[in-house]
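Based on the sequences and whatever the hints tell you, model everything.
Line by line, the protein sequences are chains A and B. Going by this note's numbering, the first sequence opens with residue 1, and the numbers climb by one from there. Going by this note's numbering, the second sequence opens with residue 128, and the numbers climb by one from there.
Calculated from the structure, these hints are not laboratory results. Don't be surprised by glycine CBs; every beta carbon is placed ideally from N, CA and C. Some hints could be false.
Claimed, not checked - Facing chain A, from chain B, some residues (calculated, C-beta under 8 Å):
#	residue
1	L303
2	E324
3	T341
4	Q344
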Amino acid sequence: MLDMDGSKPIYVQIAEWIETEIIDGTLGPDAKVYSQYKLAELFNINPATAGKGLSILLENGIVYQKRGLGTFVSPDGRDKLRSRRKEVTLRRLIQQLLDEAELLGVDDHHLQTLIEAERKRKKGDSE
Amino acid sequence: MTVIHFKDVTKSYRKHNVLKSMNFTIERNVITGVIGRNGVGKTTLMKIIAGFMEEMSGTVEVFSEKPFNNLRVSANSIFIDDAMAFPQAMTLQDILKECSRFYANWDGELANRLVDYFDFHRNARHQFLSKGKKSTFNAIIGISARCPLTLFDEPTTGMDAAVRKDFYRALLKDYLAHPRTILLSSHHVEEIEDLLEDVLLVQNGAIRFHGAITELQEMFIVLTGKHEKLSRHTVGKEVVLRDTSGPFPNWTVANSFTEAEKDQMVADGIIISPVSANNAYIALTNGPKGGIDDVFDRTETV
Numbered sequence: 001m002l003d004m005d006g007s008k009p010i011y012v013q014i015a016e017w018i019e020t021e022i023i024d025g026t027l028g029p030d031a032k033v034y035s036q037y038k039l040a041e042l043f044n045i046n047p048a049t050a051g052k053g054l055s056i057l058l059e060n061g062i063v064y065q066k067r068g069l070g071t072f073v074s075p076d077g078r079d080k081l082r083s084r085r086k087e088v089t090l091r092r093l094i095q096q097l098l099d100e101a102e103l104l105g106v107d108d109h110h111l112q113t114l115i116e117a118e119r120k121r122k123k124g125d126s127e
Numbered sequence: 128m129t130v131i132h133f134k135d136v137t138k139s140y141r142k143h144n145v146l147k148s149m150n151f152t153i154e155r156n157v158i159t160g161v162i163g164r165n166g167v168g169k170t171t172l173m174k175i176i177a178g179f180m181e182e183m184s185g186t187v188e189v190f191s192e193k194p195f196n197n198l199r200v201s202a203n204s205i206f207i208d209d210a211m212a213f214p215q216a217m218t219l220q221d222i223l224k225e226c227s228r229f230y231a232n233w234d235g236e237l238a239n240r241l242v243d244y245f246d247f248h249r250n251a252r253h254q255f256l257s258k259g260k261k262s263t264f265n266a267i268i269g270i271s272a273r274c275p276l277t278l279f280d281e282p283t284t285g286m287d288a289a290v291r292k293d294f295y296r297a298l299l300k301d302y303l304a305h306p307r308t309i310l311l312s313s314h315h316v317e318e319i320e321d322l323l324e325d326v327l328l329v330q331n332g333a334i335r336f337h338g339a340i341t342e343l344q345e346m347f348i349v350l351t352g353k354h355e356k357l358s359r360h361t362v363g364k365e366v367v368l369r370d371t372s373g374p375f376p377n378w379t380v381a382n383s384f385t386e387a388e389k390d391q392m393v394a395d396g397i398i399i400s401p402v403s404a405n406n407a408y409i410a411l412t413n414g415p416k417g418g419i420d421d422v423f424d425r426t427e428t429v
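If you want it as C-alpha cells, here you go:
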C-alpha cells in the first residue's frame, strides 16, 4: 500500500492514504481518524513521523482535533479534497498526458478517440 | 525533559582524538539514530552515555547526573552490543532470571515469549550461541528490560534479514506501549530510518547533524534526467552526489530550489524525487570528495 522505496516522504504517503479513505467514503464526516500511535503500528514507523502526516491534514482543514478525544474528519473535508484533487492532481495528469502525446506526435483528435475507446473498454469490462 | 546532555565533551585514545567537541541534548522518549561512518566514535559516545567510559573533558549529564560510576544511571539504563559477556556457567534461563532481579521494569512474560518465538533453548549457554543468535538474545534483553534509557549499539550484527525485521518491529511495538528514550546505532540507515524520530549524525568527532529525520531528508533532492539538462538547471546549486550508474544520471542536490525553479525542471523533463535518509546521510558525509564514481573519473576535476 505504501511505497517504501522513498519516492515520496513516508508522512506524505500517510496523509495521502487517509485522504483516499476520506474521498472513497470509508471515513465519513466526523469519523474518527487513526491516532498517530495506531498509524505508527500500522505502517511500522515512528509515531512522530506518523504525526507529521496528520499535521498536513490538520493544516489543510481536512481533519480537526478534539482535545483528549482524537482526530476527526472535517464535515467539508471530502469536498475540499475533491476540489483540490481536481485542480491539482487531475491537471498534473493531463499535463503529463499532453506531454507524452506531443512526444509521440498524437494530435488532439487522435487523443480524443483514444479516450473514447478506453471509456468503452472500461464500460465493457464492468458490464 | 532532557535525558542526555553533552557540552564540549572530548575523549581520546592515546594521541587519537575520537570525540573532539560533542554538544547535543536528547529529550525524553525520543528514538534517536546514532549514525556515522566506521570509526567516527559512535560506540565511544554511547559507552560514555552508559557510564562504561569516562569523558576526558567537558560535561556529560544523563538524568542530570554524571554517568561514570553512577548507580542511578546504571539502574535506569541498558547498553546492548554484540560484545555483551555473561558468566560462562549461566544458561539463558539463568540470565533471564538475573535480569528480572536487576531491572525494575523487566517484563519477564515478554522475554519468555520472544525467547520462544526466536527458538532458543533455555538450557543453552550464551557463549556457544552463533553470532546472530547472540545478537538476537541480547536484543531480547534490551527490549524486555524496558529501561528508561535504552542504548543499542549495532544490535543487528549477524542477524539474518528476517530476524532484523522482527527485531525492529518488536522494538517499535514495545516502544509504542511503553515509551522510553532509545539510542540506536546502525550502519544500515535504510533499515532503521522509519523507526527513528531524530538522527544524531557523528562525523570527525563532532555532531554533523542533529534533528528530525524528516528534516534530514528534506535537505536534499534527487534530480534525474539528461546530463546537459541537469547541468543547466543546477548552475549555482550545490551538487553533492553525481550517480552516473543507470540509464540516466541522477544527482543529489542541496534543496535550495524555489517552487518556480522546480516547476521549470519538471517542464523540462527532469524527474524530482526526495532522498532517502540513507542517501541524505551519504550526501552529508561524503564531503567535497564526491562519490565513488569520481574516484574513477580522471578526465574532469571535481
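| query | Hint numbers the structure violates, sorted upward? | reply | Failing hints: none at all.
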